[in-house]
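Residue numbers (our numbering), protein chains in the order written: chain A, 1 to 112; chain B, 1 to 115.
Calculated from the structure, these hints are not laboratory results.
Errors might be hidden in some of the hints.
[As the list claims (entries may be wrong)] Under the rule of at most 20 angstroms between Cα atoms (straight-line distance), these lysine to any residue pairs were calculated in the SDA-like manner: (1) B/K14 to B/L99; (2) A/K38 to B/K14; (3) A/K38 to B/G40.
[Unchecked claim] Pairwise CB distance ranges (calculated): (4) A/V13 to B/D56: 36 to 44 angstroms; (5) B/F10 to A/R107: 19 to 27 angstroms; (6) B/F10 to A/Q69: 35 to 43 angstroms.
Bear in mind the structure is a predicted one, so any value in this text is a computation, not a measurement.
Glycine included, every Cβ here is placed at the ideal spot set by N, Cα and C.
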Amino acid sequence: AQKVTQAQTEISVVEKEDVTLDCVYETRDTTYYLFWYKQPPSGELVFLIRRNSFDEQNEISGRYSWNFQKSTSSFNFTITASQVVDSAVYFCALRPLNKLIFGAGTRLAVHP
Amino acid sequence: NAGVTQTPKFQVLKTGQSMTLQCAQDMNHEYMSWYRQDPGMGLRLIHYSVGAGITDQGEVPNGYNVSRSTTEDFPLRLLSAAPSQTSVYFCASSRAFGLPPPEQYFGPGTRLTVT
Numbered sequence: 001a002q003k004v005t006q007a008q009t010e011i012s013v014v015e016k017e018d019v020t021l022d023c024v025y026e027t028r029d030t031t032y033y034l035f036w037y038k039q040p041p042s043g044e045l046v047f048l049i050r051r052n053s054f055d056e057q058n059e060i061s062g063r064y065s066w067n068f069q070k071s072t073s074s075f076n077f078t079i080t081a082s083q084v085v086d087s088a089v090y091f092c093a094l095r096p097l098n099k100l101i102f103g104a105g106t107r108l109a110v111h112p
Numbered sequence: 001n002a003g004v005t006q007t008p009k010f011q012v013l014k015t016g017q018s019m020t021l022q023c024a025q026d027m028n029h030e031y032m033s034w035y036r037q038d039p040g041m042g043l044r045l046i047h048y049s050v051g052a053g054i055t056d057q058g059e060v061p062n063g064y065n066v067s068r069s070t071t072e073d074f075p076l077r078l079l080s081a082a083p084s085q086t087s088v089y090f091c092a093s094s095r096a097f098g099l100p101p102p103e104q105y106f107g108p109g110t111r112l113t114v115t
């Protein structure tokens, strides 16, 4: 079965705290891709990152970083020094073949 | 370049009514898809299309029909609306799937309420 689990339903932090959003996936495919999307309060979906199953290097983009560990089937997302503008719902997704399978999302609230 | 557009933005239907949610993209993308977003369930794939004339079912296709007569348009039809179809609907498009898979572009969403 193909599945994405985001166990954290809601996270609340104070500005400047670091926060990690967890993503655990299940797939039997040897080649697959993982994604993170952000959905701000305005409702649109914003692509953040794509990662393939053969590349386990961590990636950093500004205050965002991603930790991919194939051994634990996890693709966690960390925001360093969070800001109020980071408040959103974040979705992790798995891509087998022609479909994107989304997790349920984690709602992040960053308070000033 | 408008990207992916969806109409209407909001819609209220009575149980049993039918309607069509419109989706159009101007990026010449081969792949288009419809998702519904429900609280606590993320986005679930309803139907998708890999090109004009080709459609296939996703995870939750029941109660919905699609067709793809042109590259640009991918309408979603609700045949007989039910309260369980109350949701936010997103249309997405991308270049044909390949490796690495291209980024999907999402429309702004249609919020549908069925009473």
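Okay, the hints, checked on the actual structure:
1. With a C-alpha separation of about 43 angstroms, the suggested pair B/K14 and B/L99 falls outside the 20 angstroms cut-off, and the hint is violated.
2. Restraint check for A/K38 and B/K14: the C-alpha separation of about 32 angstroms exceeds 20 angstroms, so the hint is violated.
3. Restraint check: the Cα-Cα separation between A/K38 and B/G40 comes to about 15 angstroms, which is no more than 20 angstroms; the hinted pair holds.
4. Judged by the Cβ atoms, the range 36 to 44 angstroms given for A/V13 and B/D56 holds: they are separated by roughly 41 angstroms.
5. Roughly 22 angstroms separates the CB atoms of B/F10 and A/R107, a value that falls within the hinted 19 to 27 angstroms.
6. Between B/F10 and A/Q69, the C-beta spacing of about 42 angstroms keeps the proposed range 35 to 43 angstroms intact.
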